[in-house]
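Go ahead and model the full structure; you've got the sequences and the hints to work with.
Protein chains in written order, with UniProt numbering: chain F, 1 to 317; chain U, 1 to 317.
Wrong hints could be hidden among the right ones.
Intra- or inter-copy, both count: the list cannot distinguish identical chains.
With a straight-line Cα cutoff of 25 Å, these simulated DSS-like cross-link-like pairs (lysine-lysine) come out [to be verified]:
(1) Lys100 x Lys217
(2) Lys255 x Lys302
(3) Lys303 x Lys255
(4) Lys73 x Lys255
(5) Lys255 x Lys217
(6) Lys187 x Lys135
(7) Lys217 x Lys187
(8) Lys135 x Lys305
(9) Lys186 x Lys217
(10) Lys187 x Lys100
(11) Lys100 x Lys255
(12) Lys217 x Lys302
(13) Lys255 x Lys305
(14) Lys108 x Lys303
(15) Lys135 x Lys108
(16) Lys108 x Lys73
(17) Lys186 x Lys135
The set of hints was computed from the structure by calculation and includes no laboratory data.
Protein chains: 2
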Amino acid sequence: MAANETHQVALIGLGTIGIAMAALHLRDPTSTIHIFDVRADIEQFIFAHLPGFLEPVSRGTSVASLISSGRIKIHTALETACSLATIVQEQGPENIAFKKPLWAQIEKVAPPTAHFWSSTSGIPASEQTAAMQNKSRLLVVHPFNPPHIMPLLEIVPSSSTSSSEVEFACRYFRQVSPRHCPVVIKKEVSGFVGNRLAFAVLREACYLVEQGVVSVKDLDQIMMSSLGPRWALGGVFESYHAGGGEDGFRGFLNKLEATVQEVWDDLGLISMTNDNQRWREYVTAQVEETYGQSSLGQTNGKKAKLREVLRIQSSTP
Amino acid sequence: MAANETHQVALIGLGTIGIAMAALHLRDPTSTIHIFDVRADIEQFIFAHLPGFLEPVSRGTSVASLISSGRIKIHTALETACSLATIVQEQGPENIAFKKPLWAQIEKVAPPTAHFWSSTSGIPASEQTAAMQNKSRLLVVHPFNPPHIMPLLEIVPSSSTSSSEVEFACRYFRQVSPRHCPVVIKKEVSGFVGNRLAFAVLREACYLVEQGVVSVKDLDQIMMSSLGPRWALGGVFESYHAGGGEDGFRGFLNKLEATVQEVWDDLGLISMTNDNQRWREYVTAQVEETYGQSSLGQTNGKKAKLREVLRIQSSTP
Numbered sequence: 001m002a003a004n005e006t007h008q009v010a011l012i013g014l015g016t017i018g019i020a021m022a023a024l025h026l027r028d029p030t031s032t033i034h035i036f037d038v039r040a041d042i043e044q045f046i047f048a049h050l051p052g053f054l055e056p057v058s059r060g061t062s063v064a065s066l067i068s069s070g071r072i073k074i075h076t077a078l079e080t081a082c083s084l085a086t087i088v089q090e091q092g093p094e095n096i097a098f099k100k101p102l103w104a105q106i107e108k109v110a111p112p113t114a115h116f117w118s119s120t121s122g123i124p125a126s127e128q129t130a131a132m133q134n135k136s137r138l139l140v141v142h143p144f145n146p147p148h149i150m151p152l153l154e155i156v157p158s159s160s161t162s163s164s165e166v167e168f169a170c171r172y173f174r175q176v177s178p179r180h181c182p183v184v185i186k187k188e189v190s191g192f193v194g195n196r197l198a199f200a201v202l203r204e205a206c207y208l209v210e211q212g213v214v215s216v217k218d219l220d221q222i223m224m225s226s227l228g229p230r231w232a233l234g235g236v237f238e239s240y241h242a243g244g245g246e247d248g249f250r251g252f253l254n255k256l257e258a259t260v261q262e263v264w265d266d267l268g269l270i271s272m273t274n275d276n277q278r279w280r281e282y283v284t285a286q287v288e289e290t291y292g293q294s295s296l297g298q299t300n301g302k303k304a305k306l307r308e309v310l311r312i313q314s315s316t317p
Numbered sequence: 001m002a003a004n005e006t007h008q009v010a011l012i013g014l015g016t017i018g019i020a021m022a023a024l025h026l027r028d029p030t031s032t033i034h035i036f037d038v039r040a041d042i043e044q045f046i047f048a049h050l051p052g053f054l055e056p057v058s059r060g061t062s063v064a065s066l067i068s069s070g071r072i073k074i075h076t077a078l079e080t081a082c083s084l085a086t087i088v089q090e091q092g093p094e095n096i097a098f099k100k101p102l103w104a105q106i107e108k109v110a111p112p113t114a115h116f117w118s119s120t121s122g123i124p125a126s127e128q129t130a131a132m133q134n135k136s137r138l139l140v141v142h143p144f145n146p147p148h149i150m151p152l153l154e155i156v157p158s159s160s161t162s163s164s165e166v167e168f169a170c171r172y173f174r175q176v177s178p179r180h181c182p183v184v185i186k187k188e189v190s191g192f193v194g195n196r197l198a199f200a201v202l203r204e205a206c207y208l209v210e211q212g213v214v215s216v217k218d219l220d221q222i223m224m225s226s227l228g229p230r231w232a233l234g235g236v237f238e239s240y241h242a243g244g245g246e247d248g249f250r251g252f253l254n255k256l257e258a259t260v261q262e263v264w265d266d267l268g269l270i271s272m273t274n275d276n277q278r279w280r281e282y283v284t285a286q287v288e289e290t291y292g293q294s295s296l297g298q299t300n301g302k303k304a305k306l307r308e309v310l311r312i313q314s315s316t317p
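Written out as structure tokens, the structure reads:
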């Protein structure tokens, strides 16, 4: 965006992801954030939760002053929230029955040049645009938890999204938050990329616990004391290339091919839909026994450590 | 081990893993390391490579003084290397035709109380012990690259390994290197646990690159800016438990079950053995284009960052 470009960002739906997104957009000191959510206590919700998502340097900024200065505007109708928007981003319920008509309606009330983004983790733009006149303006911006700290934003266009929309979204996030890292996914696939990798690991992790190979606690310990740190610092391919000897990734595949194939043939195929659901209760019970019945969420200590790991990633060695 | 216990560690086969293991065992100031390797230039090899694996604090210790003081003893025969051993650890070639007769021979020349460990990444103890009289003393100690820094040691007994051997191995490594983290794998499965999780990710990563969904560089970027840091700080189950809302892991599975199953059904099934090997050359070529034809290995800068991430993990928030 040009240096003198100021944005009017309409956020539709303000849950945990939405409030983190609001904090992210607020990092641009010239933008105005328009909020529309159906919950009756939306103002209280913002007062209660937004401060925890603001950057440490701007924690002093009170929500009251953000509202009184007009940087945050709370709307009671979709139409007014979107009427001046340069960007409309939705974080509503994860079902197509909600999103499809919503976008058709937004298209009618937002300026014709507004950029349309969905924070969905699973519903591709091609489905969300089904009832729209112009399908070229919408793309997915999929953040990772906790979204105000975790750098990744998966930018997922449909085949109808114009390339200038993709470029704008990447440019916008790089400029608003240098820590954040937009990555373009070139084809719409289930789970995009991050969650496909994560769910491949989750499936095998649940399988190994259910088979009695390892406990929940020990599996987590294994991840934390090997692959997690490795992948925090080098990604999948770069790590195998570095660890594969002189011939790098090629050498790794050649040397390990029998072992890798043996593992691939043996990976667990547990399912959420077939008759055998023993794994599900067994694993869940062990997670609850290990980490407590109800979740404490992400603690502040963990968030501070996450910021430190990200700082090390980008430091010059 | 008791405080007054001193160890005579025989290391059989000294490649990259072996030399890292030597450095690890040397952290116990009272132990003697006996080395046996068939290479003619073994002494030069140790002089050239061991210093890089010693702890920063003991870098001043010269290899020459470790040899002249008798802390490292280089042997030209398996028999003399093992004759006084309290621990025999092998890092030889990864094939059963080498390991099976080796252990049968070691059993004859080592003291009857010696502990037997294999650093294999894939050949289970139950196969390695096939020609031994007493199968209860051998277990797998599978380290992760780079083994002198990466904390994980997968301790994998066979069904014949005695539980006291498992306990001894865990106690030994905890005492010699408080940073290292032995985890017991309860059943012998292909790839143990760490590599199963890693190869599940690798398979999907190669599939997504081959399908043109994402580039090698972007996939690595995705891993580094989301799952890597997350799993460095919280493991798989703990992370989903923290991120799943009030109901933790149970809530996560309930909310996301359709998306997770959709991804599981869609995961790539590329293979090293079937007719379609297009992915292999395609992905390898892209890795080499991205990171250079030959690998630089793990740089000192990366190792320093790894130490920092591990320090953050274990710090009090």
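Each hint, compared with the structure:
no. : hint            : verdict
1   : Lys100 x Lys217 : neither (41 Å within a copy, 33 Å between copies)
2   : Lys255 x Lys302 : between (38 Å within a copy, 24 Å between copies)
3   : Lys303 x Lys255 : between (39 Å within a copy, 24 Å between copies)
4   : Lys73 x Lys255  : neither (60 Å within a copy, 31 Å between copies)
5   : Lys255 x Lys217 : between (31 Å within a copy, 23 Å between copies)
6   : Lys187 x Lys135 : within (16 Å within a copy, 53 Å between copies)
7   : Lys217 x Lys187 : between (36 Å within a copy, 16 Å between copies)
8   : Lys135 x Lys305 : neither (41 Å within a copy, 44 Å between copies)
9   : Lys186 x Lys217 : between (36 Å within a copy, 13 Å between copies)
10  : Lys187 x Lys100 : within (20 Å within a copy, 49 Å between copies)
11  : Lys100 x Lys255 : between (50 Å within a copy, 20 Å between copies)
12  : Lys217 x Lys302 : within (17 Å within a copy, 28 Å between copies)
13  : Lys255 x Lys305 : neither (36 Å within a copy, 28 Å between copies)
14  : Lys108 x Lys303 : neither (40 Å within a copy, 55 Å between copies)
15  : Lys135 x Lys108 : within (13 Å within a copy, 75 Å between copies)
16  : Lys108 x Lys73  : within (21 Å within a copy, 81 Å between copies)
17  : Lys186 x Lys135 : within (17 Å within a copy, 53 Å between copies)
The earlier numbered hints that this structure contradicts are 1, 4, 8, 13 and 14.
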